[in-house]
Every structure is written in C-alpha cells, then in structure tokens.
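All chains, please: the whole structure from these sequences, using the hints.
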Amino acid sequence: MTKPNEFAPAWQVAEAIRSGDVPAEDVTRAALDRIAALDPKVNAFTDVTAERALTEARQVDADRAAGKTLGPLAGVPMAAKNLFDITGISTRAGSKINRELPPAEEDGELLKRLSAAGAILLGGLNMGEYAYDFTGENDHDGACRNPHDTARMAGGSSSGSGAAVAAGLVSLALGSDTNGSIRVPSSFCGTFGLKPTYGRLTRYGTFPFCDSLDHLGPFARSVRDLALAYDVMQGPDPRDHACANRPAEPALPSLNEGISDLRIAVLGGYFSTDGMPEAAAALAPVAKALDADKTIDADGIDAGRAAAFIITNCESSRLHLPNLRARADDFDQDTRDRFLAGAMLPASWYVRALQVRHWYREMFAKLFETVDILLAPATPFPAPLIGQRTIEIRGKEMLTRPNIGLFTQPISAIGLPVCAVPVFSGEMPLGVQVIGAPWREDLCLRVAGHLEKEGVAVAQAPSGF
Amino acid sequence: MTMSDDDFDSEAFIRTMAPSLGLSLDEERVAGVSVFLSIAKGMADILDAAPVPENSLELASVFDAGQTAQQAKAE
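Protein chains in written order, with this note's numbering: chain A, 9 to 473; chain B, 164 to 238.
Everything labelled a hint here was simulated from the structure, so no lab data went into it. It is possible that part of the hints are untrue.
Unchecked claim - Pairwise CB distance ranges, derived in the manner of DEER restraints:
no., chain 1, residue 1, chain 2, residue 2, range
1, B, 221, A, 256, 22 to 32 angstroms
2, B, 205, A, 37, 49 to 59 angstroms
3, A, 159, B, 201, 45 to 55 angstroms
For each residue, glycine too, the CB sits at the ideal point set by N, CA and C.
Next comes the structure, spelled out in structure tokens:
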C-alpha cells in the first residue's frame, strides 16, 4: 500500500500505518500542516492539540516497532466538538462563559475509547453556543464555514465536526445531536454522520445541552469509518444515567450484507418534499437505489417535533438559569433570548411534551413492525448563506434558523438511530436520513454502505482543499 | 379547547414570570424573548391537540427508585 492522501478513509490510513507504509508521525504532521494552512478558510478548529497529537503518534510508531498489535484506528487523525472534555482545555461548549471553567482533568469517555483504538486527537472543534444552534454561527468564535462554499453555513451545532471532516482536515470527528446537530452539518457539508439510538453511547465527560435528548456520534467520509468508530465507542457506562446497559453490538461484521432482506420505505406526509426541489433531488436517487417505492404517511410527526422543541427549550434553560440571571449579556445573542423564553415555560407544557413523546414512540414502534428502514431528507434545503435570516420553503418565505431542523427533530425526539448520507445532486450537497428502529444502527449502516457502494451517496472532496 | 394566539399576551406573561425566576429584563429583551415564547406557545398548542388517550399520564421519562448516581458510579 502507498501513502494515503488527505481524503483517504480512516480505515485505509490505519492500514497503511499498521503495515509500515507510513509512520503515524508523518500522517499527524501532514494533518497539522493542513489545519494550519486550510482551517482559516473554514474556521473549524477552536483548539489544536499539536504537541499531544505528535506524542500520541510517536507512541503508535513505537508500539509498532515493538511488535505490539495496533488498534483499528491506529494513527487516524480525529477531532472533537468542543463540548467534549479534552485534557488540559476548558470545555467551552461554544460559549464565552465556559472558558472560565478549569481545564478538563481527563478526556471525555468516547475520546478515551477512540484513543484506545489508536486514533490521534488533533483538537477541539467550533460549534454553536451550548449546542442550541443549526447554523454553525457563533458570536464568540466566529462562523464555521462550509468547505463546499465558504460563503455558506456549515450547519450546526456540530459545525466544526462537519467542516473539518469535509475539508479533509481530519478523517474522523465527534459531534453531538439533540435535535439534528450531527445530521444537519453532515447534510450541509456532505459527510456521513451517525446519530445512534438514544442511550447507546455514553455522554460522560461532555458538557450537556438537554439530558432527555442528547446523543453523541461520529462523522466520517466513509461508512466503514463510521462503523469502525461506532463499534469501538459502544458499551455501557454507569456514569451516564441514560447510557443503556447493553453489550456492544458491532455493526462492522454485517456492513457488506446488502439490502435484499430489508423492507425500506420513504416517509411522506409531514416529510413530503413537495416544493423543496433540492431535497427531492437528493431523496429520489436514494429511494431508487434501494427500491423503496412505498411511501408511508405517519401520523403525529408535528406533535413529536413539538415535544422535542419544548423538552429542549425547558431542560436547557434550567441548566443555564444561574448564568441567565447573573450575566445574560455574555451569551450569544442568538441563544440568549431562546434560553430566557425556555426558563419561563409553564410546567404543564413540559409534562405534556413528555406525555406526547411517550405516545409518539409507541406509534413509531408500530410502524417498525412493517418496515426496517425509513428514508427522509436530513434538511429541507442545502446550506444557506451565512447570516441568511429567511428562506423559501414550500413556496413560503420562512425563518431559516428554526426550520433547518424540520426533518431531523421529529426523529431524534424518540431517539431513533439515523445515518445521514451525503448526496450531491446540485452545486451543494444535501443529506438523506437512513432511519432505523431503536438499537438497529447496524441496519442504518448497512443501507448507507450499499448507497456508498452504488455511488449514490459519496462524500466528495471540496475544490480548493 | 385551546387558547388562541390572540388571547396569549406573551410580553405580559414574561413581565409576570421574570421576577419569580430572579430575572431582570428590560423592555428590549422582553420583546426579544417574546418572539421565542410565542413560538413555544405554538408548539404547546400542537401538543395539546395531539390525540393522546384521555385520562392517561404515561411520561417518557421514568424515575428509577433503585439506582442513584452514586450507586451507578460505584458499580
């Protein structure tokens, strides 16, 4: 094998390092050089951990020289949304306020698990303040820019994760998704992204947004990379009360089993792409490649989305209430007023949201008795311009920010696993959600792998990177 | 029956609620917060209209009396 290029998949990079074709230190230095040269174009990184990365890379090379078995992600450059604890760095979570926190004493648990598999951490990534964002704009760190058109949004809130992976600055990134924050930047930046089932991956060692809805997951440019990263991060962790006490259920072994045994349908009704030409153009080739000619109009989707909205607004605002009282002016102007509103919601709204969420989950459980995989666009439109306040949806001029999550929020509302796959049908990418029943990430990844193999969903390198 | 948007005075609601939460908001901020409270009210109306079975109160979150965080950490 020859030296992998900067857009090579992570598994190929790890193979080249394991076989001795290239030292991990060379790969790490090349990645750090790319970040220094190209990150100013996209503003994906808020912290670069160069010294640590080189130390870890040299350790990988030393382990190889000593004949030790290297992990499945040996020497793979990765980075994490800056709500993950990184040893020695204050976990800013996209905020100004959190920079006053003491530096983290240890990495977040998922970072530890990726490091144990050999991945090399290159730094922390830009994000919307406290993860309450779909745009990637940030008053404190500046907007994260889309590598496919730097005048456009990267999407949020895991903006840096999407941009860094799409730009080839790292092979893997970690993000979080409460209402769409992995799937939206995946869609806008043209990467693969996995939002696992709620409770699958531990959140220990990350700054919270909304306890009832927070998920963590990986971004990558290939499905095999997603599966590799996902598999090494699985497993229970009693320190996160929401983390399920389930053994790891690896997805990689069944990744290439194809789709012939799967019942796949398109979500219609609420998810209709009528009047959304770019979303329709992304969804059509995916449905065709999967022979998904059945459309299902599920009921109650708007209620599920409303439940997620109220639960998010209420829980996150309670978390930040002390700072809203003491120093509201230190919040990002685009999150502050939403948090203040959330702090005032009547308790009966919140309780009703919990009740509806339960009811809505039962409805989807019935739906999954007849299908294995559901398809829907990840976003109603491709990346808007940075700062764009309104956008046309179904022929109407609408506010941009609250509508970016139109298709993601109803799915994470009940914690379903989703793999976002990138489709380039126009000038900008737009993602499609491959949605599974709870705990069936393996099926989502199998379908995503099939689409990648067929050339329908491919993470294309942006020009100029 | 749901209260219509016309009946909901979000700014008056904010001015009433803010002191009980220890929040001091000037009129400009009240107006800013009002936009988002009105959006939340719209979501609450959708929730009210959802055909959830009457006389039931099954909530998504279930409290586990047998598991404290401290116990979990010790395991």
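- Given the range 49 to 59 angstroms, decide if the beta-carbon distance of residue 205(B) to residue 37(A) lies inside it. holds (53 angstroms)
- Quick one: are residue 159(A) and residue 201(B) within 45 to 55 angstroms, going by C-beta? Violated, since residue 159(A) and residue 201(B) (Cβ atoms, about 31 angstroms apart) do not stay within the stated range.
- Message: A range of 22 to 32 angstroms was offered for this pair. Does it hold for the Cβ distance of residue 221(B) and residue 256(A)?
- Response: Given about 31 angstroms between the Cβ atoms, the range holds.
When the structure is compared with the earlier hints, a violation turns up for hint 3 alone.
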